[in-house]
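With chain E fixed as given, assemble chains X, R and L onto it according to the hints.
Chains as they are written, first to last, in the numbering used here: chain E, 6 to 391; chain X, 6 to 391; chain R, 6 to 391; chain L, 6 to 391.
Keep in mind that the hints were calculated from the coordinates and are not lab data. Be a bit skeptical, because a hint or two may be false.
Because identical chains cannot be distinguished in the list, a pair is counted as satisfied if it fits within a single copy or across any two copies.
[As the list claims (entries may be wrong)] In silico lysine-lysine, PhoX-like type, Cα no more than 25 Å apart, as pairs:
| id | residue 1 | residue 2 |
| --- | --- | --- |
| 1 | K178 | K101 |
| 2 | K187 | K24 |
| 3 | K24 | K8 |
| 4 | K284 | K24 |
| 5 | K237 | K163 |
| 6 | K237 | K8 |
| 7 | K163 | K178 |
| 8 | K187 | K10 |
| 9 | K190 | K178 |
4 protein chains.
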Amino acid sequence: MKKLKMAMVGGGVGAFVGKIHREAVRLDGGVEVVAGMFNRDPAQNAQMGDAIGVAPGRLYASWQELIAGESSLPAAARADFIAICTPNHLHYPVAKAALEAGFHVMCEKPMTLTRAEAEELEDLVARTGRVFGLMHTYAGYPMVKLAHDLIARGDVGKVCKVVVEYAQGSFRKMDFSQPLDKRNKWKMDPACAGKSCCMSDIGVHAAHLVEYVTGLKIESLLADLSSFVAPKGLDDDGSVLLRFEGGAKGVLVASKVATGEENGLRLRIYGDRKGLVWKQENPNILRVRAQREPEQTWKRANPYVREVSESSARASRPPAGHPEGYIEGFANHYLNFCDTIRAVDAGDTPTPAMLDFPGVHDGVRGLRFIDAVVASNAAGGIWTPV
Amino acid sequence: MKKLKMAMVGGGVGAFVGKIHREAVRLDGGVEVVAGMFNRDPAQNAQMGDAIGVAPGRLYASWQELIAGESSLPAAARADFIAICTPNHLHYPVAKAALEAGFHVMCEKPMTLTRAEAEELEDLVARTGRVFGLMHTYAGYPMVKLAHDLIARGDVGKVCKVVVEYAQGSFRKMDFSQPLDKRNKWKMDPACAGKSCCMSDIGVHAAHLVEYVTGLKIESLLADLSSFVAPKGLDDDGSVLLRFEGGAKGVLVASKVATGEENGLRLRIYGDRKGLVWKQENPNILRVRAQREPEQTWKRANPYVREVSESSARASRPPAGHPEGYIEGFANHYLNFCDTIRAVDAGDTPTPAMLDFPGVHDGVRGLRFIDAVVASNAAGGIWTPV
Amino acid sequence: MKKLKMAMVGGGVGAFVGKIHREAVRLDGGVEVVAGMFNRDPAQNAQMGDAIGVAPGRLYASWQELIAGESSLPAAARADFIAICTPNHLHYPVAKAALEAGFHVMCEKPMTLTRAEAEELEDLVARTGRVFGLMHTYAGYPMVKLAHDLIARGDVGKVCKVVVEYAQGSFRKMDFSQPLDKRNKWKMDPACAGKSCCMSDIGVHAAHLVEYVTGLKIESLLADLSSFVAPKGLDDDGSVLLRFEGGAKGVLVASKVATGEENGLRLRIYGDRKGLVWKQENPNILRVRAQREPEQTWKRANPYVREVSESSARASRPPAGHPEGYIEGFANHYLNFCDTIRAVDAGDTPTPAMLDFPGVHDGVRGLRFIDAVVASNAAGGIWTPV
Amino acid sequence: MKKLKMAMVGGGVGAFVGKIHREAVRLDGGVEVVAGMFNRDPAQNAQMGDAIGVAPGRLYASWQELIAGESSLPAAARADFIAICTPNHLHYPVAKAALEAGFHVMCEKPMTLTRAEAEELEDLVARTGRVFGLMHTYAGYPMVKLAHDLIARGDVGKVCKVVVEYAQGSFRKMDFSQPLDKRNKWKMDPACAGKSCCMSDIGVHAAHLVEYVTGLKIESLLADLSSFVAPKGLDDDGSVLLRFEGGAKGVLVASKVATGEENGLRLRIYGDRKGLVWKQENPNILRVRAQREPEQTWKRANPYVREVSESSARASRPPAGHPEGYIEGFANHYLNFCDTIRAVDAGDTPTPAMLDFPGVHDGVRGLRFIDAVVASNAAGGIWTPV
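Just chain E, same shape as in the assembly (with noise of 0.2 Å):
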């Protein structure tokens, strides 16, 4: 198996999703990080290169270098992927300079600040062929993947109802009263993290994991945002009803002042023939529910699991009662990404197993839902097409 390259942008000295991604990617071995700009700072980004062992020379001092850079170099040498780390406003240009440089793409979400420009980027993907990959990251668990196999089969019936809760409370211990620290700049500058805050940093991965599990999209919303502790339009916390192409229904609830909640993403989704319940914290089970049936607990990397879904069992590592967590979920994602980049650049069709992590469409498909979400608000409630 060919080790990819990957050249990163972003991720330096002090953020956390950064170092997220270089250890799902150490993990299978199968990606070595060879280039980055991860700090503006030259001093931390040395600091970086260093400390990950990339060579000086291929530390750059800006997104556009390294883009430059990487494709100055020989087709041996030089990154087969770059993923993207950044402050959300710069996932759009990154994104867009990196695919028209002939580079596959691994996009931090949400994929872009406004709806126009993910389409732009869809269009490019289709344009270059590039792989893109986008990080929403739990629907990379085994369980997940279990999740949406089963409905995809048939096994789960007719989806009806949703109920999808992403619950945080880390807002809570902030003090916004003071000016914001860079990493929260990210989140709550409109300039930086786009029009939303809430929805954009949590709500979007709740949405993505309801049209991946479902297989449905949403046809349209209603929103109610709020900001409780955050500075008057910014949205900490909002709730959205759901409807779905086919008539299915549902709730997606999102908040950043959920005191009390750690990472709190729940799912619950109610067929006409099962019920299933998957909670992110402890995320090597599913529970599968009939009525007046035993509940069951399925748990991940058994036997019965890989019979019905080949994603759930190429995405485990140790044996059954060995629990994977958050990193694994992420590394899932690469693993396929990597498959997938494998493939393509040999001139070979990836299978659908391949296939299976985030990518442009869904990209498109949460900045959607974003603008969705905030006109609806806006217009203090009412049903907005998706």
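Here is chains X, R and L on its own, set in the frame of chain E:
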């Protein structure tokens, strides 16, 4: 302690909730069922009277005869209160007649079919000074009372967000192509059940639970009702956005088509200091969470519960670690309801602890909730005052 | 259904378990407390009689007078059975006298102080044909009955390993430097409590639970008892290795010093086809597991429970999803005990379902267990037949 | 931070635990696998080397050649440490040779087949000053480290009782009538696995976990081993009574025939101030209980964890609410092991936090435990010093 005499209307052979009422009053021993009009069928009526030891002379053929007959007895012999366990449409006329005849009343929910009826009862209770209890069972659980008291004391801080779910899957096993049997007719024939099915049957419990625990009134709401398996026009599922007086917001989800759920009433409350989680199916614990502190699990009947909640302590029978359940929840309402009757009948003022049971004002709130939900939904989803 | 008349010895003002007995019999309405010797203190005795409506003429100053007094009444008036809720050392003399006087008996555990007494009662029950119930509460829970029936049907296969824990922490808050109060004296003064404390108080429940659920007798055991906080010679903790007839093995752990535990009775059973897990503090579920199959959670009062366990179905009041608790467990034993009395008194043969309550043979087993535990421990830990 | 060079013996194609070792070292990026003797089959050995990027010149045909070959390299090129993932019987000779050749060693458990061998390695480590790690994985979990630190700080008080279970059901699906496949041969052929199967495979983990967390040594034990499905003489289940230095007592249960269990390692510890509960299958929480206080659930990576446990904080990657798992547990041992190597190689004294990984003394303890268990059982169950 004076044993109170209870007359029962409805709750005969084959009825679910009437049996629970009788078990609940027997449990604590302060009530005796002395009269009844249990079933309209005379043979069944006699059978029930015999089974529970009601003298044949106190078995009545109609509720009108029951009220007349009991009224004609000397004060020492006649029923102290009338428990109404009939289909919904009879709650109002029976309650009205009972109050007018001077009886205290314990009534099943929803209190009436219409808001006008509810308000009429509210006036009548004020005018007659009779004690009126409404069986919103779930407020009878000790850990729900604790949640109420923690919020009332300010321990949770200002409540900002509420998520309440009441998920049942029972309609999944019903055959709607067949004529409804008697019990289901009550819940699904608008002539018996009122203008809503799911919201009137269980949504109203969730709404009451939220208002009771938070001490906040729902100011306005926005609803999306569905008929997934029930006949058109009859809601079997709904999602409701909530806005409370003072600025808190919330979501209420109620469903009869939530495949695999039994009696999934779950409550999450987020204040600016603490968050609370309670689940009816494991009711003896309350989770109390604060940001960056270990999550706490409070357990029924402990000294630390008693210290902050007299009403929770009053509502506990066996010591900590020995679970209580649903019947005990009913019984707790009866305990307070009966203590209040004893105080009122003795010319005393009931203590606040005695008054901790749902009453006629909650009944009016319930009808206003149902009205608003139906109206909001009919209008295609607009914010509607409650 | 004939209402049975109950006389009670012990369980007076301030007693914990006597109150539960009364709540349990009231719950289902088939029993009336007609006589009692509740407290030795006359004022307290009168207070209790008044509180629960026992006629003054049926309040007795001693248990001897109660038996004599009730015996002298006409058959239609006198008590049908005597419930014994005294300190342990009185179980035997009261039960003996009651049986000899022709009363049926419901007795608290442990049945007697010595094995010889227990065997004498066993003979007496056989000779008199009276119905004898022993309040091993936990066998009254519906999901314990289900576990028993699943094993009896062979669904679990041959049982090979059992782990049962009964962990309480209550001794952690006791001040052993002070003289014991009355209630603790019962449990800790060998003259009242017998030769063991922890094992006699709770270990014997665990032993009964295991034998009831598996249907297997403990053949021999090896014990290690401790006195961590209790006075020397009084066990407050113990671990016991178990060997069952037919080759199964097990471990029994009981402790009064398990800090933070409330009433932590937990059972795991491993057969060659299935494994079962039940926990008293969340008693409405039973987990059923097989190798390489999703774990199942069976929930009380479902049709699928009824199909395999009539005794579990009989022991359920409200429908699935509406939890039952500890008092209901007591009540279930009384239901079967009373049905058996009715059958025996009518000259009929009780059905197997009626006979599903612990009795005098279980009481003998309990004393043999206690004897063996104490003997094994005293010998420094050797295998000792039960 | 200097990248360390690792050579691996065993863990080749088809091996479970070798793969985990490699994932674990890759995760944090401080280690490079430079040499290996993975499989004895040359083709498989080459295949593995190729897959993970080991240069053909560093692939060896035997562990003896690996040690000789690496020793012959210049210091800057040769492996810093050797990871031993072979069948049990090879741990000793490989570790011995590696230490004598000056390599640091990371070894799978049980460390050796006999206590004499273990003690010889202990001497050798002392003599050579080499760093020796032993892969008792479960001590690598952050919440286990927290439990250790809470006890070490005195927060739990004097430990008096411990219950540890390690329940697996895997033997239920094995066909013992067939010759053992390679992987099972390692665990079940006494020539490879030593004198015990279940106790040597998983019981020794439980024993280590208990000694690590409590900081107490098991002084003596009494064992009852069984062969329910495995060939006679090969334990597949056992229960062990424990006595610790200082007076604490405990129970250890290990089983390979616990139908329906996956990797059910569960620990309960009761001190005179607090009780702790930890379960491997949901490892990111630790329950902390005190009598008459709400139960606390401590969650990984919170500030309140960091405040009391530096070692737990060091062992956490993503923030609270983002679960970690089994591979991360391995990785945590490697992190500390490698930091210790770096310190030792630099002539520095490792900090206590660095030294928080199992080592050669734990290996000796393990063999003493296995010896005592087998001896106690063979003697029919007598207290045996460890």
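Outcome of the hint check:
no. : hint         : in the structure
1   : K178 to K101 : neither (36 Å within a copy, 53 Å between copies)
2   : K187 to K24  : within (16 Å within a copy, 39 Å between copies)
3   : K24 to K8    : both (20 Å within a copy, 18 Å between copies)
4   : K284 to K24  : within (24 Å within a copy, 28 Å between copies)
5   : K237 to K163 : between (41 Å within a copy, 18 Å between copies)
6   : K237 to K8   : neither (48 Å within a copy, 49 Å between copies)
7   : K163 to K178 : between (42 Å within a copy, 15 Å between copies)
8   : K187 to K10  : neither (29 Å within a copy, 37 Å between copies)
9   : K190 to K178 : within (16 Å within a copy, 51 Å between copies)
Hint compliance for this structure: hints 1, 6, 8 are broken, all remaining hints hold.
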